[in-house]
Amino acid sequence: MWIILFLELLTFGMALVAMVIYSKDEPEVFHSSRLLLNSTFGLVNTIFLLTSGFFMVKSVESFKVNNIKKSSLYLKLTMLGGFLFLLLKSFEYFEKIEAGLSIGYNTFFSFYWMLTLFHVIHVLVGLVILSSVYFSLNKKNMDLAVEDFEASATFWHMCDLIWLLLFPIIYLIF
Amino acid sequence: MKNQIYFKVLLSLLALTILAAFVAKFGFDLKATAAIILALFMVKFLGVAYYFMQLKKAHFFWKSAVLIFVSIFLAIVFVSV
Numbered sequence: 001m002w003i004i005l006f007l008e009l010l011t012f013g014m015a016l017v018a019m020v021i022y023s024k025d026e027p028e029v030f031h032s033s034r035l036l037l038n039s040t041f042g043l044v045n046t047i048f049l050l051t052s053g054f055f056m057v058k059s060v061e062s063f064k065v066n067n068i069k070k071s072s073l074y075l076k077l078t079m080l081g082g083f084l085f086l087l088l089k090s091f092e093y094f095e096k097i098e099a100g101l102s103i104g105y106n107t108f109f110s111f112y113w114m115l116t117l118f119h120v121i122h123v124l125v126g127l128v129i130l131s132s133v134y135f136s137l138n139k140k141n142m143d144l145a146v147e148d149f150e151a152s153a154t155f156w157h158m159c160d161l162i163w164l165l166l167f168p169i170i171y172l173i174f
Numbered sequence: 175m176k177n178q179i180y181f182k183v184l185l186s187l188l189a190l191t192i193l194a195a196f197v198a199k200f201g202f203d204l205k206a207t208a209a210i211i212l213a214l215f216m217v218k219f220l221g222v223a224y225y226f227m228q229l230k231k232a233h234f235f236w237k238s239a240v241l242i243f244v245s246i247f248l249a250i251v252f253v254s255v
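These protein sequence lines map, in sequence, to chains A and B.
First residue of the first sequence: 1, per the numbering used here; consecutive thereafter.
First residue of the second sequence: 175, per the numbering used here; consecutive thereafter.
Just so you know, these hints were derived from the structure itself, not from any lab.
All values reported here derive from a predicted model rather than from experimental measurement.
Wrong hints could be hidden among the right ones.
Partial list, computed: chain A residues near chain B (C-beta under 10 angstroms) [stated by the list, open to error]:
| no. | residue |
| --- | --- |
| 1 | F6 |
| 2 | G53 |
| 3 | E61 |
| 4 | T154 |
| 5 | L161 |
Here a beta-carbon is modelled for each residue, glycine too, at the ideal position from N, C-alpha and C.
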């Protein structure tokens, strides 16, 4: 799991470094484009993901002490955080498309769309994994291993970490 | 006790996130603003990795790999901004 995590971080890290290097060629374009983003949306989405990550930790902890009911509740709260993130992101995307700020608008928005969409795909995959864990947890003959639960949690935290990489670079720095 | 630690970590992460947004909004010098935002980012990143993701329990190799990755990433971004 750590290998996957590390490769994911490396991939996003390299793309963000490329974005920063490209910004040197068009600093005004990057600055004015960054101002077109709603940093409050980015901030609220960060809060959603961090809180969701906290509930994930609590869910794994409850599972380890065999408190399935609590673990299941925390897992639901974790997924709620993910859904709220996607909801706000969809609204943000809708706004950008309405304003004509699509992927081909300029270099900044090409990076914005590619990086954030790639992250959204990770969140969607994470939610599918967590749903599968949730159904396993609520089965009559629950046979979910701690290692599987922890691996799913690590994937979810990875989505959180990737967003922590994206948020300051895309929404705040330029 | 453990519960309180995770809750404290969450509160610190949220506070640092709000602080970073505040600095970005009111910071006037681009280089200084970037330095503060990136420093706050590093603390948040390591907080999530070490506490929430339990990286502190992982092998020394992975701990060092993540630390080296985030340091190199920040250095490159800071120099390029």
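Okay, the hints, checked on the actual structure:
With 10 angstroms as the threshold, the beta carbon of F6/A comes within range of chain B, its nearest partner Cβ sitting at about 6 angstroms, so the hint holds. A least Cβ separation of about 5 angstroms between G53/A and chain B falls short of the 10 angstroms threshold, and the interface hint therefore holds. Interface restraint check for E61/A: the shortest CB-CB distance to chain B comes to about 7 angstroms, inside 10 angstroms, so the restraint holds. Given hint, T154/A at the interface with chain B, holds; its Cβ is 6 angstroms from that chain's nearest Cβ, closer than 10 angstroms.
About 6 angstroms separates the beta-carbon of L161/A from the nearest beta-carbon of chain B, less than 10 angstroms, and the hint is met.
In summary, this structure violates none of the numbered hints.
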